[in-house]
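Q: Chain by chain, the residues run as shown.
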Amino acid sequence: DAKTTQPTSMDCAEGRAANLPCNHSTISGNEYVYWYRQIHSQGPQYIIHGLKNNETNEMASLIITEDRKSSTLILPHATLRDTAVYYCIVGRNTGGFKTIFGAGTRLFVKA
Amino acid sequence: SQTIHQWPATLVQPVGSPLSLECTVEGTSNPNLYWYRQAAGRGLQLLFYSVGIGQISSEVPQNLSASRPQDRQFILSSKKLLLSDSGFYLCAWKGVDRPNTEAFFGQGTRLTVV
Numbered sequence: 001d002a003k004t005t006q007p008t009s010m011d012c013a014e015g016r017a018a019n020l021p022c023n024h025s026t027i028s029g030n031e032y033v034y035w036y037r038q039i040h041s042q043g044p045q046y047i048i049h050g051l052k053n054n055e056t057n058e059m060a061s062l063i064i065t066e067d068r069k070s071s072t073l074i075l076p077h078a079t080l081r082d083t084a085v086y087y088c089i090v091g092r093n094t095g096g097f098k099t100i101f102g103a104g105t106r107l108f109v110k111a
Numbered sequence: 001s002q003t004i005h006q007w008p009a010t011l012v013q014p015v016g017s018p019l020s021l022e023c024t025v026e027g028t029s030n031p032n033l034y035w036y037r038q039a040a041g042r043g044l045q046l047l048f049y050s051v052g053i054g055q056i057s058s059e060v061p062q063n064l065s066a067s068r069p070q071d072r073q074f075i076l077s078s079k080k081l082l083l084s085d086s087g088f089y090l091c092a093w094k095g096v097d098r099p100n101t102e103a104f105f106g107q108g109t110r111l112t113v114v
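If you read the protein sequences in the order shown, they are chains A and B.
At position 7 of the first sequence (counting the first as 1) the number is 7 in the working numbering, and the numbers step up by one without a gap.
At position 81 of the second sequence (counting the first as 1) the number is 81 in the working numbering, and the numbers step up by one without a gap.
Because the hints were derived from the structure by calculation, they are not lab data.
The beta carbon of each residue, even a glycine, is placed where N, CA and C say it ideally should be.
Hints are supplied without guarantee of correctness; some may be wrong.
Said to hold, decoys possible - Reference listing, derived: stretches of chain A covered by chain B, where coverage requires no fewer than 3 residues with Cβ under 8 Å from a Cβ of chain B:
hint	stretch
1	4-18
2	102-108
To be verified - Only pairs whose alpha carbons sit at most 20 Å apart, straight line, appear in this in silico DMTMM-like list of lysine to aspartate or glutamate:
hint	chain 1	residue 1	chain 2	residue 2
3	A	3	B	26
4	A	110	A	31
5	A	52	B	102
6	A	3	B	59
7	A	69	A	55
8	B	79	B	59
9	A	3	A	14
10	A	110	A	11
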């Protein structure tokens with residue numbers, strides 16, 4: 001499974017959009033991009049995933065570049081409860097799908 | 001709907017004692033199951049995964065073992081705990097009926113070996 005690179009931490013003002021970048025330059029053609037977040041001392045929570053097209057759900061939007069080597073997770077109106085560590089991972093669902101989590105981006109949403 | 005249960009939530013064990021953490025999944029059949037460990041301030045490290053009963057794959061050499069005695073039960077064990085086994089242990093499941101589905105995590109067990 002491909003590795004990802006994310007900034008260590010980011011700040012965002014409450015009510016503003018939070019844009020979290022991720023580089024996955026070695027992604028394979030059949031690998032999806034997944035985003036999870038982890039609030040302190042809890043299990044990771046799934047946010048969104050996509051292959052090549054941009055995706056949107058009730059939590060966030062995912063923008064994937066045309067060459068698929070990077071992506072951006074967008075939280076359109078960040079709240080204090082969005083403060084968490086955000087993980088960008090890539091993987092495919094073959095029989096032994098192995099999700100490799102890096103250190104993620106620690107997002108601080110400030111009032 | 002599917003749910004995942006993991007217990008206990010916290011555990012303090014002396015060095016050299018045995019360990020057994022249990023994870024069960026409800027509402028799905030034949031899931032892929034995973035055990036992760038997270039050291040303080042670090043990312044998640046995959047320890048074991050299982051694609052079926054009795055099928056266990058180990059990702060890293062360590063003092064731990066895993067077993068899957070039933071389709072929706074995944075157990076993490078150790079015969080003798082080490083200080084380095086302390087950490088936050090997470091169980092996760094992933095469906096295989098839809099391609100490239102997301103994984104769902106339990107709430108974790110915080111293990112402190114003293």
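Q: With reference to the structure, classify each hint as holding or not holding.
A: Verification of the supplied hints:
Note: the stretch 4-18 of chain A has 0 residues with beta-carbon separation from chain B under 8 Å; the three-residue rule is not met and the coverage is violated. Requiring three or more residues with a Cβ within less than 8 Å of a Cβ of chain B, the coverage given for the stretch 102-108 of chain A holds, as 3 such residues are present. Under the criterion of a C-alpha separation no larger than 20 Å, the hint pairing residue 3 of chain A with residue 26 of chain B is inconsistent with the structure, at around 31 Å. In summary, the hint linking residue 110 of chain A to residue 31 of chain A is not supported, as the alpha carbons are separated by about 34 Å, beyond the 20 Å threshold.
Distance hint between residue 52 of chain A and residue 102 of chain B is fulfilled; the C-alpha atoms sit about 16 Å from each other, no more than 20 Å. This hinted pair checks out: residue 3 of chain A and residue 59 of chain B have alpha carbons roughly 16 Å apart, not beyond 20 Å. Restraint check for residue 69 of chain A and residue 55 of chain A: satisfied, since their Cα atoms lie roughly 16 Å apart, inside the 20 Å limit. For the given pair, residue 79 of chain B sits about 19 Å from residue 59 of chain B by alpha-carbon distance, which is consistent with the 20 Å threshold.
Distance restraint check for residue 3 of chain A and residue 14 of chain A: the Cα-Cα separation of roughly 30 Å exceeds the 20 Å cut-off, and the hinted pair is therefore not satisfied. The hinted pair formed by residue 110 of chain A and residue 11 of chain A meets the criterion: a straight-line CA distance of about 7 Å does not exceed 20 Å.
Consistency note: the structure conflicts with the earlier hints numbered 1, 3, 4, 9.
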